[in-house]
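Visitor: As a plain string of letters, each chain reads:
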Amino acid sequence: MTPTSLAATIRERVARIETMPSIPAVFVPLLELLNLPPERVKLDDVVKLVSYDNTIAAQCLRMAGSPLFGLAKSPETIRAAMITLGLRRVETILLTCCLSNAFPAKAGGLDPVVFWRHSLGCAMVCRKFSEKLAAADSDKAYMAGLLHDIGILVNCIAFPNELSVAMAHATTEQIPIDEAEHATMGFSHCETGRELAEKWHLADDMVQVIAHHHAPERSRAAQPLVALVHLSDLLCRMRGMGYGYYERRRVDWVSNPAWEILLKEHRELDGVDLVRFTFELDEAIGEVFALVSSIFGGSAARN
Amino acid sequence: MNIGTQTAMTTPFSSKGAEPIDPIFRQIRDLVYKVCGIFQLEEKLYLMADACGRRMKQLAVRTPREYWDLLTVHTNREAELRQLLNEVTIGETCLFRSPPQLDALRKVILPELVQDKSKQVVKRLRIWSAGCSTGEESYTLAMNMMEESDRLLKGWTVEILATDLNDRSVETAKAGIYGDYALRATTDYFKRKYFSPIDEKKLQIRPEVKKLITFSRLNLQDDSRMLFMKGMDLIFCCNVLIYFDGPSKAKVIDHYYSNLNFGGYFFLGTSESLFKLNDKFHLVHFPGTIAYWKPSLKSGKL
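Order-wise, the sequence lines are chains L and U.
This note's numbering numbers the first residue of the first sequence as 1 and each following residue consecutively.
This note's numbering numbers the first residue of the second sequence as 304 and each following residue consecutively.
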């Protein structure tokens, strides 16, 4: 396939995703709200949007009660959740709910539980990581982590057979998914994710994260955020929240271009105890697994 | 979602699952990490509480708060912290203690080392188990290396140096006799292949495994002897440096850095950290495990 016809195929297949019944109706309007500066979003707009979909509302309340989001028990209403957790936090929870419903039961050789452990895990790591850095927006980091691999979801829906082959290749060769995708498909979830992100008019920094999280130095904007997601993604994959197979690799943090990008923006990264941070993440993994199994059922046990 | 189980995850419970743990134990956990560099996970916090409980009983201290004072303001605080560490790490050692470490070794590190050193005339790997205690780690390494002897390490010589300060530990290590507890993580495959039964309860390491290892007594603080430990490709030093004070720890780690070949690795115990003790080593992650790397010359990142 020539590069132009490949791009056309990607565009055409991604265009069909919009009509997928599995994506909740509130999702796209919610994304629009998320793109607005927080001071322009009215609490009532969000409450109204959510009230259209009981399943989403119920799931959102349950999720707000997870230790991951900082409440000891589930709030009773969306409004109560927003008052205690804040608008931005509730928006990220809603987004999590919407996205977790958008996954086909089992396609492309990928188990949705594995996908969501990774995406939610990465969202959690991004948030905790950015909390260690001064002046970083931790809710934005959470959202970036949640969305970074949305291209995998796209491939699951639009290229299930191709992704299945790529996943098998990644597992046998013990290599990262993007490398396996390039080797077997000629493109990766970065390109298809970008196509969907642009179609959905996601904010430009989210588009950059989705398109460049495997090579942050190539992004033309929001490099520190892309770098943060890159590092968090690697941490997840090194601590049991990857795609469920052994990745044969060594991650050398200080030699990683993403480390330098992030360090340039946040000098305090130098003082972050990455080993202790790793141990703290190990503790939070249980919460991620419990949350994902509460969405999909099944066991919360680590694999 | 069951709200009850969710709460259980934020509030650690004791081993019996009955009483919530006194938050002071979290403070003690942080103190132990700061001073000794070993971290107890939230889910293992009850082990820390149990260890403190045993010390409190021995010292006839009644409340965790009083014990906290003993660890922080009392003149003997450092000695007490060491006593507590002994309690915390008690019974931790066994063969095949860290599978992710062994995976990293066989799947990532060995192929890399073998390739890097393939041009050398003498195909030799040197591994040092520093603070080998009663030999569990040393034999685990030896058996894993032997597993690769027909594949990756075909034509290679592997030398394992195992040292400990304690003479009695070294003697026990040399004997290589282990019971159920030490063998709890050893698979039947390894038991059959590398051990001989001694009696109903105990197995002994076979001579061909022992041949790979030289056991000896060594004080890691003996600078003149440390200087001679040259040409290492891998150093393992698990739960040993936690007993050292800051400056001694930094000195030992500097030695390790010079003891290692370029491109060599240094492993600590699974919950230990080197934070701020050495800036020449690169912190590296492998799936499920952490190590420190002495950059190779060709990487250009020294």
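Keep in mind that the hints were calculated from the coordinates and are not lab data.
Don't take each hint at face value.
[What the hints assert, rightly or not] Within a straight-line C-alpha distance of at most 25 Å, the following computed BS3-like cross-link-like pairs (lysine-lysine) qualify:
hint, chain 1, residue 1, chain 2, residue 2
1, L, Lys-128, U, Lys-457
2, L, Lys-264, U, Lys-579
3, U, Lys-347, U, Lys-360
4, U, Lys-420, U, Lys-601
5, U, Lys-601, L, Lys-73
6, U, Lys-457, U, Lys-504
7, L, Lys-132, U, Lys-360
8, U, Lys-583, U, Lys-554
9, U, Lys-504, U, Lys-533
10, U, Lys-554, L, Lys-128
Visitor: Each hint: holds or not?
Guide: Verification of the hints:
no.: 1; hint: L/Lys-128 with U/Lys-457; in the structure: violated (45 Å)
no.: 2; hint: L/Lys-264 with U/Lys-579; in the structure: holds (20 Å)
no.: 3; hint: U/Lys-347 with U/Lys-360; in the structure: holds (20 Å)
no.: 4; hint: U/Lys-420 with U/Lys-601; in the structure: holds (12 Å)
no.: 5; hint: U/Lys-601 with L/Lys-73; in the structure: violated (54 Å)
no.: 6; hint: U/Lys-457 with U/Lys-504; in the structure: violated (35 Å)
no.: 7; hint: L/Lys-132 with U/Lys-360; in the structure: violated (39 Å)
no.: 8; hint: U/Lys-583 with U/Lys-554; in the structure: holds (13 Å)
no.: 9; hint: U/Lys-504 with U/Lys-533; in the structure: violated (39 Å)
no.: 10; hint: U/Lys-554 with L/Lys-128; in the structure: violated (33 Å)
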